[in-house]
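Protein chains in written order, with our numbering: chain A, 3 to 160; chain B, 3 to 160; chain C, 3 to 160.
Honestly, the hints are just simulated from the structure, not real lab data. Treat the hints with caution; some may be incorrect.
Identical copies look the same in the list; a pair holds intra-copy or inter-copy alike.
Unchecked claim - The calculated PhoX-like cross-link candidates involving lysine-lysine, where the alpha carbons are at most 20 Å apart (straight line), are:
hint, residue 1, residue 2
1, Lys-89, Lys-150
2, Lys-38, Lys-137
3, Lys-89, Lys-7
4, Lys-130, Lys-38
5, Lys-130, Lys-150
6, Lys-137, Lys-85
7, Lys-146, Lys-85
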Amino acid sequence: MPLWKVYHPEGLYTAEDKKALAVRITNIYASIPLPKFYVVIIFEATPKGSCFVGGEPHDKFVRFKIDQIARTVPGPVREWWLKALDKAVAPFVKDRGCDWEISIDETPSDLWSLQGELAPPFESRAEKRWVEENKASPYTLDEKLPIKLALTPGLADR
Amino acid sequence: MPLWKVYHPEGLYTAEDKKALAVRITNIYASIPLPKFYVVIIFEATPKGSCFVGGEPHDKFVRFKIDQIARTVPGPVREWWLKALDKAVAPFVKDRGCDWEISIDETPSDLWSLQGELAPPFESRAEKRWVEENKASPYTLDEKLPIKLALTPGLADR
Amino acid sequence: MPLWKVYHPEGLYTAEDKKALAVRITNIYASIPLPKFYVVIIFEATPKGSCFVGGEPHDKFVRFKIDQIARTVPGPVREWWLKALDKAVAPFVKDRGCDWEISIDETPSDLWSLQGELAPPFESRAEKRWVEENKASPYTLDEKLPIKLALTPGLADR
Chain A
3 MPLWKVYHPE GLYTAEDKKA LAVRITNIYA SIPLPKFYVV IIFEATPKGS CFVGGEPHDK
63 FVRFKIDQIA RTVPGPVREW WLKALDKAVA PFVKDRGCDW EISIDETPSD LWSLQGELAP
123 PFESRAEKRW VEENKASPYT LDEKLPIKLA LTPGLADR
Chain B
3 MPLWKVYHPE GLYTAEDKKA LAVRITNIYA SIPLPKFYVV IIFEATPKGS CFVGGEPHDK
63 FVRFKIDQIA RTVPGPVREW WLKALDKAVA PFVKDRGCDW EISIDETPSD LWSLQGELAP
123 PFESRAEKRW VEENKASPYT LDEKLPIKLA LTPGLADR
Chain C
3 MPLWKVYHPE GLYTAEDKKA LAVRITNIYA SIPLPKFYVV IIFEATPKGS CFVGGEPHDK
63 FVRFKIDQIA RTVPGPVREW WLKALDKAVA PFVKDRGCDW EISIDETPSD LWSLQGELAP
123 PFESRAEKRW VEENKASPYT LDEKLPIKLA LTPGLADR
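Based on the provided sequences and hints, a complete structural model is requested.
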């Protein structure tokens with residue numbers, strides 16, 4: 003669901019760094035919960051002299067550009083969410099003396115597919131199965147129903 | 003109009019593959035119809051170890067990130083449209099044993115220019131000329147009018 | 003605030019070109035005014051044969067993809083704004099015989115942080131300080147107030 007593009011100076015991160023950062027980011031989304039494989043992270047090394055901040059070349063700058071697709075962040079938690087992401091990346095930017103910036107776009111969840119399948123509804127049976135299998139696969143009409151199905155919402159105990 | 007970014011493992015596609023995939027994608031948009039040159043596709047090779055899915059490096063994963071600008075896909079055809087795109091790319095992902103994901107963003111059509119010209123209105127004379135000439139060029143106020151001009155919409159035959 | 007991705011043919015721009023283009027772009031935004039360091043520009047060289055326009059490889063094409071975050075361009079100036087940007091880039095595309103295209107997306111300003119700080123409100127004391135210091139830093143609740151504070155808007159002289 004989220005697509006993270008991490009624009010970083012060439013040579014800043016080792017393979018182990020990338021893996022560790024990817025895991026930190028993935029875990030935040032998995033805790034929502036979301037299927038882990040919804041989280042895609044692409045590291046893109048910017049060669050020296052190809053990144054400018056304020057009109058000046060900046061070779062210690064990391065720019066996180068994020069598309070969130072599956073969920074819209076509700077108003078009251080938007081600031082909290084941003085802070086949570088910032089905390090996840092801090093060891094790889096702040097603690098290394100880099101400048102950094104994060105921006106998130108929210109793109110239409112109905113214009114998104116994985117392995118040719120549209121993502122199943124939030125908290126549906128299909129989503130639950132996708133989480134368990136950790137991969138996208140075809141699902142039935144039945145599986146589009148919510149896990150907790152209440153046909154007549156009301157005050158009664160469930 | 004659409005800008006396709008194709009993030010693919012380094013070495014996955016030959017020059018011929020890229021050309022063939024670009025043509026398949028372009029033809030779908032041309033059939034709307036849209037001027038062919040509205041379709042821009044940029045292939046970006048991701049070096050080994052720079053793409054993560056679910057926190058794990060994934061070196062057989064292709065991520066299509068699409069900006070659609072000229073048109074908003076109407077509600078009833080959004081799913082169909084996604085399936086049509088998926089079918090176009092299938093020979094280059096599914097049939098090669100790769101995993102893949104597609105997401106589309108819809109960005110403002112009035113914040114878009116080609117060769118310094120704003121795109122002319124949908125089905126205008128200018129758009130028709132652009133299709134024929136297959137390139138962007140200045141157009142007059144007259145050419146902003148629709149090809150089929152009906153000043154007084156009504157029930158009469160046209 | 004704006005993130006500019008400049009997809010250009012490999013070898014088209016020298017380091018001096020990049021710097022000059024970055025300064026031209028940055029100055030437009032600084033004149034709004036915006037803190038200069040809000041402007042991030044990443045040049046991305048597309049290798050020969052990896053950029054397609056209308057289904058054909060196009061190796062003299064520059065694609066500007068812009069995210070504007072801090073401000074939404076008001077209706078009446080959207081066309082003017084696009085023309086202003088086009089004028090800024092013209093010496094680096096039109097005057098060099100390249101084709102080019104610009105598109106702008108407007109992404110949520112509340113899902114954006116710099117150095118872990120959310121950008122302060124438009125025309126606030128904190129923004130003024132950020133402009134002066136040309137860098138992001140923590141700010142107080144007081145500094146979120148507008149520079150020109152009028153608690154009771156009315157007809158009286160100020």
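To see whether the hints hold, each was checked on the structure:
Taking identical chains as interchangeable, the C-alpha atoms of Lys-89 and Lys-150 are never at most 20 Å apart, the minima being 33 Å within one chain and 34 Å between chains. Taking the shortest Cα distances, Lys-38 and Lys-137 sit within 20 Å of each other inside one copy (9 Å), while across copies they are farther apart (35 Å). In this assembly of identical chains, the alpha carbons of Lys-89 and Lys-7 lie at most 20 Å apart only when taken from the same copy (17 Å versus 26 Å across copies). Taking the shortest Cα distances, Lys-130 and Lys-38 sit within 20 Å of each other inside one copy (12 Å), while across copies they are farther apart (41 Å).
For the identical chains of this complex, Lys-130 and Lys-150 are intra-copy neighbours only, at 11 Å inside a copy versus 51 Å across copies, given an alpha-carbon limit of 20 Å. For the homomeric pair Lys-137 and Lys-85, the shortest alpha-carbon distance between copies (19 Å) is at most 20 Å, but the shortest distance inside one copy (29 Å) is not. With identical chains, the CA atoms of Lys-146 and Lys-85 are at most 20 Å apart between copies only, with a shortest distance of 18 Å across copies and 33 Å within one.
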